[in-house]
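Line by line, the protein sequences are chains A and B. For the first sequence, position 138 matches number 138 in the working numbering, and the numbering has no gaps at all. For the second sequence, position 262 matches number 262 in the working numbering, and the numbering has no gaps at all.
Do not take every clue at face value.
Said to hold, decoys possible - Mimicking SDA-like on lysine to any residue, the simulated pairs with C-alpha atoms at most 20 Å apart in a straight line are: (1) A:K233 with B:A39; (2) A:K232 with B:L282; (3) A:K374 with B:V75; (4) B:K79 with A:Y340; (5) B:K97 with A:Q377; (6) A:K353 with B:D273; (7) B:K79 with A:Y368; (8) A:K233 with B:E53; (9) A:K233 with B:V286; (10) B:K130 with A:R325; (11) A:K232 with B:E53; (12) A:K233 with B:E54; (13) A:K353 with B:F82; (14) A:K232 with B:Q18; (15) B:K130 with A:S262; (16) A:K383 with A:S262; (17) B:K480 with B:I425; (18) B:K340 with B:G315; (19) A:K232 with B:A39.
Claimed, not checked - Chain A residues, not near chain B, derived (Cβ > 12 Å throughout): (20) E22; (21) Q376; (22) L420.
Simulated from the structure, these hints should not be mistaken for laboratory data. Positions of the beta carbon are idealized from the N, C-alpha and C atoms, including for glycine.
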Amino acid sequence: MHQLTIAEIVRGLRDKQFSSVEITTHLLERIQQLDSQLNSFITVTGDQAIKAAAAADDRLAQGDAPALCGVPIAHKDIFCTTGVRTSCGSKMLDNFIPPYDATVVSNFQQAGAVSLGKTNMDEFAMGSSNESSFYGAVKNPWDIERIPGGSSGGSAAAVAAQLVPGTTATDTGGSIRQPAAMTGTTGLKPTYGRVSRWGMIAFASSLDQGGPIARTAEDAALMLSVMASPDKKDSTCLDHPAEDFSAKLNDSIQGLKIGVPSEYLSDGLDTEVRERVQEALNEYVKLGAELVEINLPHSNLAVPAYYVIAPAEASANLSRFDGVRYGYRCENPADLRDLYMRSRGEGFGEEVKRRILVGSYALSAGYYDAYYNKAQQVRRLIKQDFVDAFDKVDVIMGPTAPNPAFKLGEKNSDPVAMYLEDIYTIATNLAGLPGMSIPCGFARGLPVGLQIIGNYLDEARMLNVAHQFQQATDWHQKTAPATTPTAE
Amino acid sequence: MEWEVVIGLEVHVQLATQSKIFSGASTAFGAAPNTQACAVDLAMPGTLPVPNEEAFRFAVMFGLAMNAGIGKRSVFERKNYFYPDLPKGYQTTQLEKPIVGEGQIEIHLEDGSSKTVRLHHAHLEEDAGKSLHEAVFDSGHGMSGIDLNRAGTPLIEIVSEPDMRSAAEAVAYLKKIHSIVTYLGISDGDMSQGSLRCDANVSVRLKGEEELGTRAEIKNLNSFRFIEKAIKVEAQRQIDLIEDGGKVIQETRLYDADKNETRSMRSKEVANDYRYFPCPDLLPVVLTDDYIEQIRGELPELPDAKCARFETNYGLSAYDADQLTQERATADYFEQVAAKSGEPKLAANWVMGELAALLNREEKSIADSPVSAEHLAGLIARIKDNTISSKIAKQVFEAMANGDGDADAVIEAKGLKQVSDTGAIEKMVDEVIANASAQVENYRNADPDKRPKMMGFFVGQIMKASKGQANPQMINKILKEKLDALL
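Looking at chain A on its own, in the form it has when it is part of the complex (with noise of 0.2 Å):
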């Protein structure tokens, strides 16, 4: 039952093969039994994911069953859930219990959706590898020794293991992608505005979007059509109406312009992940598309803005974690610059303390011009790149990460490298634009993800694209060894 994707539950429960609770039951059993190696879980719902699976199969019995009436899902664990834990992935939040849904879950909930849990992740989603986690390290189902990407590394390691068919998570550089990739799921990043922020934790305000990360994309798709809606408590949300996603997904994909960006293509990028993403090319080739080289000249600009302007952002967003009001706060301050020196000196990790001091240098006097101001305009014309190569092609393709998923610890004490993970992604985001990671093949028996950028607000045809490449192909129905309880 653990293999079905949310398209055939949605079914399954309608056709009443099976119930919510026989569902819900047997993936909490399988979280039960295999994600004590995963750790893809900080916090299991398992009571409150019966009660609300029972009154989803009441639901289902009467008729009257929402979108999603039933299925199982899981909410990375920066999405407020109230009464329910929800720490960000650190020390400082351990203790946190909101008062308040997220958008995000509250539109999951009206859409019948049952949440086992709350998934893994780094530390405020400041990660590539889900190793800044204070609840440990994520492990890439596909090998346990390896990372399974981040910052939304549980979200991805949970779907890939087959612990739950689709989870929640966000993107600020590629977190939704590059973990996708790396385990061989499939994730989506939307427009910047698509999905409503009210809840969910922030890292870069201007950056961070919430997006799904599923088996397939007609799942993702399923998924997007619940979490994108307008939202007046998030004044950055884009005022258009709800659409169904799946709508578009059987079009031909015949005539379809494909950028190729060469600088998506060059040094650095492994041999066989290049492989796998110019065999992916063909494939779309023989589907009918056609492709075009395109430049992103300012390309190379993008990981130094970036790295200017998301610690920039949080440097303020996390000064609310001051051991005052809520979180963690260190044992008998002796004032209040104790309070607050040792509160976040205590409660926060390397990670995120290295990016508060990185952003509020960046936005120093003195520094401001030099830095934050320069890498504004940086943006602008990675913005601008992007909106020229759309006026010559409808997606951009290449690969979502440089390399397969790396060893636990091997770019640990190296944040450079670190950063270097999301050379591919961080683009779309200080464009805003729509990104998505696709299985595409294995390079050294490890999943490699194709990388699908859409115009503003074209997830439709995104989303179109990609399943029309899963029709083609059954990459993303591989199974990690790691999703059977024997390979422990």
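Once you have looked at the hints, place chain B on chain A.
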């Protein structure tokens, strides 16, 4: 050496919106601590600000009243610093692109002169909460409490150019700001509740000098009186310091009203770096010309226009008109009295005289006046029709203030009706003359130009005899006739 004081003011005005600038929580003053602070005000993780459009409207109204440019695209920024009453660790404010740009207003000084003060800009921002250090929180461990009810209350910070040259000018400017915001109804202007607060930048220089001296900023002045005193004492401190060979340092100072001195706030070794940057949670505020013009069309009559109208329509002096129009409530009250009594000049005298004294004595605002505009108008009507004299009117006014009903009821109950009956007054005059032969004799022998003065004695006696109710004009007339008949 002749010194010149240079003053610029930063005035914080709390806007009278129902809810906070970025959340739906109430802005009402005086609730139990932390009962008007929602998840956004507490800066709970994942919460986001949603701007209150009413605050934009109020800010635009203010800008238009200050003859200022309106920022058609204003931007909120984050001002970063840690303090327990600042839940997010940054204040959302405006810096580079404020909603109100350069402007100017006329201020009126007590000597009747006017002066233009330029507005540098005014910007929208959120207020912080309050730290409570009261004993109730102190369990002997130095604990402080935080009340976040005020956190997120919309403020406009109004920054003047350093155009004021005396404490009196600074007070006149502040009064003008107070007058404008209360006229517009965008703030209650209540300084005792912190609705209007002021920081003063004070420096001194030799008269004729072009360059500004080093300024000190006096923080959190919350009454007109303190502002005046604080500026005077700070200016003198700087003058004394320089004359003694010292140098003014740029710093923040606090005014101690008890000691009437300013004191340096704990000196910071390094200057604050607030690391401002545009708030990524908020879109730029874009205002259309139509929107701005619509607000302009809805502006109420402002103090200067009202003042001019009072001079023209009611024939009041410039001084009276200015006094009456400083507060909208006073102006409205006066207009009611003037309309109902048909006696604008008498109305002006009473509002600025007896009524002002009464309110001052009872520490009440005109909105809570114990004497209503209707009652005062009724009283004035009785003065006008000679039912009572001005002197008796004061007695009636006091009785009305004590809640004894309207003027007619008081006059009736206390029998205060003026005696204007010729026969009755003649009788009283005759009696007084008969019983004051010595004074009459003096009158007769006196130099003719001294006689009018000597009449005072007789008038006093007659008034006394009539318990103040005799018509004074008639007394004068009849008395003079009778005394002159004795010459």
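Cross-check of the supplied hints:
1. A:K233 with B:A39: holds, 12 Å
2. A:K232 with B:L282: holds, 12 Å
3. A:K374 with B:V75: holds, 19 Å
4. B:K79 with A:Y340: holds, 18 Å
5. B:K97 with A:Q377: holds, 18 Å
6. A:K353 with B:D273: Holds. K353 of chain A to D273 of chain B sits at ~19 Å (cutoff 20 Å).
7. B:K79 with A:Y368: holds, 14 Å
8. A:K233 with B:E53: Status holds; Cα separation ~14 Å.
9. A:K233 with B:V286: holds, 19 Å
10. B:K130 with A:R325: Within the cut-off at roughly 14 Å; holds.
11. A:K232 with B:E53: holds, 13 Å
12. A:K233 with B:E54: holds, 17 Å
13. A:K353 with B:F82: Cα-Cα ~16 Å, so holds.
14. A:K232 with B:Q18: holds, 18 Å
15. B:K130 with A:S262: With a Cα-Cα distance of about 57 Å, the restraint between K130 of chain B and S262 of chain A is violated, given a limit of 20 Å.
16. A:K383 with A:S262: Distance of about 17 Å is within 20 Å: holds.
17. B:K480 with B:I425: holds, 13 Å
18. B:K340 with B:G315: holds, 17 Å
19. A:K232 with B:A39: holds, 16 Å
20. E22: At about 33 Å from chain B, E22 of chain A clears the 12 Å cut-off, so the statement holds.
21. Q376: Q376 of chain A not clear of chain B: closest Cβ-Cβ about 9 Å, inside 12 Å.
22. L420: holds, 24 Å
Hint violations for this structure: numbers 15, 21, all remaining hints satisfied.
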